[in-house]
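J.: For reference, the chains in residue letters:
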Amino acid sequence: MSDAVLDTLTQQEYQHGFVTDIDTDSIPAGLSEDVVRLISGKKGEPEWLLEWRLKAYRHWLTMTEPNWARVTYPAIDYQKIVYYAAPKSAKDGAPKSLADVDPELIAMYEKLGVPLKEREILAGVAVDAVIDSVSVATTFKDKLASLGIIFCSFSEAVREHPDLVKKYLGSVVPSSDNFFAALNSAVFSDGSFCFIPKGVRCPMELSTYFRINQADTGQFERTLIVAEERAVVSYLEGCTAPKRDTNQLHAAVVELVALDDAQIKYSTVQNWYPGDRNGKGGIYNFVTKRGKCAGKNSRISWTQVETGSAITWKYPSCILLGDGSVGEFYSVALANNYQQADTGTKMIHIGKNTRSTIVSKGISAGHGQNTYRGAVTIMKNAEGARNYSQCDSLLIGDQCGAHTFPYIEVKNSSATLEHEASTSKIGEDQLFYCRQRGLSAEDAVSLIVNGFAKRVLKELPMEFAVEAQKLLGVSLEGSVG
Amino acid sequence: MNLLEITNLHAAIEEDGTEILKGIDLVIRPGEVHALMGPNGSGKSTLAHVLSGRPGYTVTQGGALFQGKDLLAMPAEIRAREGVFLAFQYPVEIPGVSNTYFLRTAVNTVRKHRGQPELDAIDFLALLDEKAKLVEMEESLLNRSVNEGFSGGEKKRNEVLQMAILDPKLAILDETDSGLDIDALRIAAAGVNALRDGARGMLVITHYQRLLDYIVPDFVHVLADGKIVKSGDKNLAKELEAKGYSWIEKEAGQAASAAAGAGGR
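If you read the protein sequences in the order shown, they are chains H and C.
For the first sequence, this note's numbering assigns the number 1 to the initial residue and increments by one for each residue that follows.
For the second sequence, this note's numbering assigns the number 482 to the initial residue and increments by one for each residue that follows.
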């Protein structure tokens with residue numbers, strides 16, 4: 001990313017001003033109706049949204065944390081979490097310069113080729129905003145606005161486009177959907193909102209990357225993307241460079257809505273702190289992502305490269321409601337050291353002639369445990385529905401594990417389903433073959449893993465794909481003797 | 482300087498300590514082609530693996546110098562970059578990695594090590610095109626994943642192609658003829674012969690004299706029970722073909738017991 005863009009990013013924080021405001025804010029740990037009211041109040045939200053949050057909170061109280069995933073972690077004390085945390089600044093202990101940052105992190109940036117300035121932001125260094133009179137982001141926003149596209153923070157959307165938010169919020173992931181979604185609905189801090197009007201093809205990849213400061217929306221992020229009839233949009237979430245984050249629990253919700261003939265492509269590269277070599281620390285990433293192909297012939301594609309987090313619990317799914325709609329899920333999940341990933345998708349075929357494709361590539365190394373969990377449901381009226389699933393696992397070393405749980409439920413006999421699965425191990429043979437041709441062991445692993453994940457990586461937007469490739473290599477460093 | 486100088490090399494399987502190589506002595510000078518023959522289990526492939534640095538073996542005695550440097554002290558990839566190439570008996574598949582990409586990565590890694598500039602895509606493709614003709618390799622195979630779905634013959638030709646591109650100083654061919662029909666053998670051998678240039682050394686490991694009709698060696702060695710028990714010129718291979726290995730093993734056995742007897746006195 002160029003310096004100009006970075007300057008813009010740092011400036012953006014300034015523009016939104018609230019960062020300085022909440023800097024002095026801090027609310028005590030714990031969750032109650034009062035806390036929900038406080039959060040809503042601080043954000044100046046309308047009454048309906050407060051009610052929505054409260055409803056979610058009350059429902060959450062009746063729910064229990066899910067325990068069916070193949071992950072283990074110590075019990076979370078929800079009363080010990082601070083639900084409204086101000087971003088760290090130099091005042092309260094954020095590193096003042098890169099010299100104060102964990103050298104291991106710096107080494108990682110080095111390997112990923114992250115530009116110097118960007119490193120400061122990613123490492124959470126309290127950067128003085130650089131004022132640049134011409135803002136690239138503003139130019140962007142103007143261009144998008146001229147097409148009628150809305151792309152802004154969730155808070156801004158609540159203020160500026162309340163009708164749209166009200167119409168679609170919770171329409172795909174109801175606030176009572178699951179434990180973590182309910183929690184998010186009660187206390188979500190901020191996130192992204194994106195609306196592509198009828199017939200508009202978004203001319204650029206939309207990326208939260210450009211809002212890197214805002215991305216510090218904390219643990220409870222909320223994203224809502226709506227593509228109206230014939231609209232087309234590609235959205236990138238995340239960043240290949242590792243981000244330091246003091247929040248252990250992340251429970252985000254992402255909702256996508258595609259109307260007739262609309263297409264949404266949602267790509268994620270997740271590289272949060274996975275914990276150290278011994279499994280200490282790391283983010284718990286408990287995310288609910290779901291898209292609704294509400295209109296006929298609509299299409300939603302999820303592509304994810306999950307290399308970070310200590311625990312990943314995530315099932316980007318598609319509700320294929322419109323006749324002829326298409327859902328796709330392409331995933332690479334990597335679990336190294338003591339990471340645990342339980343990830344997959346749900347494809348729910350409701351409309352006629354709906355199609356879905358699932359390609360999951362799990363990579364386990366070290367003591368990592370990688371689980372694919374997927375459900376394909378063909379409802380009664382889904383005449384002619386088709387699904388193709390492919391779940392492949394790659395093992396590196398002999399301490400790790402790969403697990404596959406494909407669930408299939410078919411209520412219409414005209415459906416066609418194919419399921420392929422494989423498990424392989426990076427053998428001494430492959431490694432030695434590469435080394436005999438001059439490649440270092442690490443380059444060899446990176447090469448083999450990228451070959452394994454190729455089918456998924458090629459679904460990513462070009463620039464992202466190159467970064468993701470590097471990331472896979474770096475994430476596996478030290479996984480072979 | 483000798484290209485390769487192996488002295489009293491003993492090596493065992495790491496896992497259980499079984500000694501496979503029991504004192505190998507061999508010198509290969511630049512430009513020489515040596516054939517290494519011997520019955521199953523005599524240690525031919527083990528020698529190839531130990532020289533190229535495959536994990537799983539322990540060198541218990543002796544050593545090997547490559548251009549005067551301690552070969553066995555180098556990690557496998559450094560040996561490769563220094564110019565030791567092993568054509569695998571069983572080439573390995575790497576799904577999802579195109580043959581062309583793999584080769585380019587390898588050649589540039591090797592070139593970098595040798596202080597040569599890396600090849601850009603255009604120069605590399607020109608080189609690939611030229612060398613692919615040597616082994617009559619079809620273009621479609623170059624774009625497929627490394628060795629994936631290749632026939633036995635295609636895999637071996639791919640090995641020779643890699644050798645041509647990586648331009649090693651010492652090529653070890655581990656049973657390159659196994660599993661090949663006569664046409665595939667002829668093509669692979671022609672590729673190898675084209676790489677004989679008076680400087681490159683070769684160690685050709687084979688069971689059968691057949692390969693040596695095509696790749697005519699300067700020297701032939703017979704390995705039995707972890708030792709070179711007889712050396713000669715190409716006629717030795719013909720003799721072996723006619724008489725089998727048993728007479729040599731017998732001869733070697735007598736020599737060994739005589740030596741043991743002598744030592745006992």
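I should point out that these hints are in silico values taken from the structure, not numbers from a laboratory.
Glycine included, each C-beta is placed from N, C-alpha and C at the ideal position.
It cannot be assumed that every hint is accurate.
Some chain H residues near chain C, calculated using beta-carbon distances under 7 Å [claimed, not checked]:
no., residue
1, Leu259
2, Asp429
3, Arg437
4, Lys454
J.: Run every hint past the structure and note whether it holds.
T.: Tested hints:
1. Of the supplied interface hints, the one on Leu259 of chain H is violated, with its beta-carbon coming no nearer than about 36 Å to a beta-carbon of chain C, more than 7 Å.
2. A cut of 7 Å between beta carbons decides the hint on Asp429 of chain H: the least distance to chain C is about 5 Å, and the hint holds.
3. Interface hint status for Arg437 of chain H: upheld, as the beta-carbon distance to the closest one in chain C is roughly 4 Å, under 7 Å.
4. Restraint check, Lys454 of chain H versus chain C: the minimum CB separation of about 4 Å is within 7 Å; hint holds.
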